[in-house]
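Q: Just so you know, the protein sequences line up as chains A and B, in that order.
The first sequence runs 101 to 511 under the numbering used here.
The second sequence runs 28 to 266 under the numbering used here.
Worth flagging that the hints you see were computed from the coordinates, not collected in a lab.
It is possible that part of the hints are untrue.
[As the list claims (entries may be wrong)] Once the Cα atoms are required to be at most 25 angstroms apart in a straight line, the calculated BS3-like pairs of lysine-lysine come out as:
(1) B:167 - A:123
(2) B:204 - B:249
(3) A:419 - B:167
(4) B:112 - A:419
(5) B:167 - A:415
(6) A:109 - B:112
(7) B:167 - A:109
(8) A:237 - A:170
(9) B:112 - A:501
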Amino acid sequence: MRTLLFEIKESMLIALRAIRANKVRSSLTMLGIIIGITAVVVMSTAIKGIDNSFQSGISALGTDVLYIDKWQWFTNEDWWKIRARRNITMEDFEEFRELAKLPAAVAPVISSRQIVKYGDRRVESVWLNGSNSDYVKTTNFTFSLGRFYSEIESKSSRQVAVIGSEISKSLFPLGDALDKTIKIGGVNYLVVGVLAEQGSFILGPWNPDNQVFIPIGTVFKNFLGQSWNTITVNVRAQNPSLLEETKIEAEGVMRKIRGLTISEENDFSINQQEGLVDNYNSVVGVIQIAGLFITGLSLFVGAIGIMNIMFVSVKERTKEIGIRKAIGAKRRTILGQFLLESSTICLMGGLVGLLLAILASMMINQFIPTSVQYSAVVIAILVSLITGIVAGLAPAYTAAKMDPVEALRYE
Amino acid sequence: MNIINIEHIAKVYQVGSEEVFALRDVSLRIDKNEYVAIMGPSGSGKSTLMNILGCLDTPTSGKYDFNNVSVSDMNDNQLAAIRNKEIGFVFQTFNLLARSDALHNVELPLIYAGISYSERRERAEQTLVEVGLKDRMHHKPNELSGGQRQRVAVARALVTKPSIILADEPTGNLDSKTGEEIMGLFTEIHDKGNTIILVTHEEYIAEHAARIIRLRDGLIEKDEKVLSRQFPKVKAAGI
Ligand SMILES: Nc1ncnc2c1ncn2[C@@H]1O[C@H](COP(=O)(O)OP(=O)(O)O)[C@@H](O)[C@H]1O
Ligand SMILES: [Mg+2]
Numbered sequence: 101m102r103t104l105l106f107e108i109k110e111s112m113l114i115a116l117r118a119i120r121a122n123k124v125r126s127s128l129t130m131l132g133i134i135i136g137i138t139a140v141v142v143m144s145t146a147i148k149g150i151d152n153s154f155q156s157g158i159s160a161l162g163t164d165v166l167y168i169d170k171w172q173w174f175t176n177e178d179w180w181k182i183r184a185r186r187n188i189t190m191e192d193f194e195e196f197r198e199l200a201k202l203p204a205a206v207a208p209v210i211s212s213r214q215i216v217k218y219g220d221r222r223v224e225s226v227w228l229n230g231s232n233s234d235y236v237k238t239t240n241f242t243f244s245l246g247r248f249y250s251e252i253e254s255k256s257s258r259q260v261a262v263i264g265s266e267i268s269k270s271l272f273p274l275g276d277a278l279d280k281t282i283k284i285g286g287v288n289y290l291v292v293g294v295l296a297e298q299g300s301f302i303l304g305p306w307n308p309d310n311q312v313f314i315p316i317g318t319v320f321k322n323f324l325g326q327s328w329n330t331i332t333v334n335v336r337a338q339n340p341s342l343l344e345e346t347k348i349e350a351e352g353v354m355r356k357i358r359g360l361t362i363s364e365e366n367d368f369s370i371n372q373q374e375g376l377v378d379n380y381n382s383v384v385g386v387i388q389i390a391g392l393f394i395t396g397l398s399l400f401v402g403a404i405g406i407m408n409i410m411f412v413s414v415k416e417r418t419k420e421i422g423i424r425k426a427i428g429a430k431r432r433t434i435l436g437q438f439l440l441e442s443s444t445i446c447l448m449g450g451l452v453g454l455l456l457a458i459l460a461s462m463m464i465n466q467f468i469p470t471s472v473q474y475s476a477v478v479i480a481i482l483v484s485l486i487t488g489i490v491a492g493l494a495p496a497y498t499a500a501k502m503d504p505v506e507a508l509r510y511e
Numbered sequence: 028m029n030i031i032n033i034e035h036i037a038k039v040y041q042v043g044s045e046e047v048f049a050l051r052d053v054s055l056r057i058d059k060n061e062y063v064a065i066m067g068p069s070g071s072g073k074s075t076l077m078n079i080l081g082c083l084d085t086p087t088s089g090k091y092d093f094n095n096v097s098v099s100d101m102n103d104n105q106l107a108a109i110r111n112k113e114i115g116f117v118f119q120t121f122n123l124l125a126r127s128d129a130l131h132n133v134e135l136p137l138i139y140a141g142i143s144y145s146e147r148r149e150r151a152e153q154t155l156v157e158v159g160l161k162d163r164m165h166h167k168p169n170e171l172s173g174g175q176r177q178r179v180a181v182a183r184a185l186v187t188k189p190s191i192i193l194a195d196e197p198t199g200n201l202d203s204k205t206g207e208e209i210m211g212l213f214t215e216i217h218d219k220g221n222t223i224i225l226v227t228h229e230e231y232i233a234e235h236a237a238r239i240i241r242l243r244d245g246l247i248e249k250d251e252k253v254l255s256r257q258f259p260k261v262k263a264a265g266i
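So that you can see chain A by itself, here it is in the shape it has in the complex (with noise of 0.2 angstroms):
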């Protein structure tokens, strides 16, 4: 046991001494592994940075809401058929609020997409959402200014708007939106509220940060026909452990709006945040595959190009192993001496592999908020000694097995 920590300790220092005679030779096969371990931690990295923007922002929803529409969020059914449903109205809303009995909150929602601005400053593709003084109560906002629009602003149809953090940012820099009136479409509007940060980024359009909210009537009013447009039934269930059952009365009653007979699918959907969660899953699911795989080609490809120095390495210096065995190295020293040496060059590249992620990942910090994970530290540097040993074995086993004097001939 002593005989074998001291062997160990001398071929370390062996390895180290060729390791710091041969320095360009062994930066350059560190390269292979650290551009492969900053790219599997990097990836780690900011697949975990998406998925806790993700997980923040889906809160932003609410766990506890339902989304009545002509249209299925993720569904593997013919597009055409969900087409060919009737719109829902506003009248089979109208009638979803008087008959629905469980539902904390009901609100109708019709969107748009349009340009806001606001003197010189403008934000292109804006989501307007109009809906009424309920849908405040569907979700979870809290305002930095002001207030949501009213009952009586909502029911007289009033130029009125609720703007999110992120249009506020870009039109009123200085924060000063209440007040001021800003044209959608050309029509002016008063902002009377401004909403604080909700979401995150990752939300894309669904991000509240990047909507605006009117009263239904003023879409209408404004930008699109009612008739021929289908809108969206916003329910928010008393509390989440209520939402199945709110969701089946919600079915019954939509049914009964739509006057469809027992042998009649739903021609209507009933969405929920649930399903998005399970479609980012197996988005990120695809993605985290997808990155795994090609990072750990580039490992891959690491590993081939020390395998291949390392029996370059042992080629050029057959005559020292000659020497080595001529003063009584055995094989297992030898073995011992290019394998340390491989993975003494893996781990540092690993080591430094690591630190370039670290430094990536607070550059991504800057737009996503992530951080190297623990765990993604303990697995690069074993990835990086594993990498080292198996690329080091084949070319330390070719060198311990020489016969010195044929390679005490080489020269």
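Given the coordinates of chain A, work out where chain B with the ligands should sit on it, guided by the hints.
A: This is chain B with the ligands only, laid out in the frame that chain A set:
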């Protein structure tokens, strides 16, 4: 008491379909504290014999006892241990590790012998002093002259206090004056009680030894005592 006892050693190389006999039938005994020179024309099998005696190579047939232990039955690890502890090899081309300084080169066999850092440093330094390289310990081979390099190699051979020193044409790459200095070193080493076998094809080098074995075509042609033994004209360690 003999250190080396070989009987009917042969070494055959298969070159294509042809058999090349490097050694045909060589039997030899070498006693403790002998100083033997092996001579012979190029290709007569001198290096092959030395490599077999040094346990670097194995014979095709024949018996080899080293310190009365049969080498023929030893495995690779045991041979490595013999090379490490019992044999000090000096080569014509020095065979030093180019990137390591003199001290590390001399220390290397002690590392493989499992000797602790402080002890092996001390022993390596002391041996370098003995061969007259007190001031060159931290020089790399390319910062040393040929003679100095060979002194490092001799120190490396001596440092483990082996049973025997084997030197294959140790002066072959040196000018005659430097060669003479190295021969002085060998005489000194011999005088301290070491056993030496040395290969050369120069008569005046061989005459430093007490016994000359002449090889021809893989056979011993002559094995004789040196009557007019030469003693070095140059002071060995040059201190
Ligand atoms: N690896 C080898 N393969 C084939 N023939 C060899 C090999 N090594 C040595 N020989 C042959 O063995 C003979 C003796 O070689 P060697 O012992 O090196 O001679 P010396 O050292 O006396 O000049 C030579 O004819 C040489 O060609
Ligand atoms: Mg020779």
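Q: Would you list, in rising numerical order, the hints stated earlier that this structure does not obey?
A: 2
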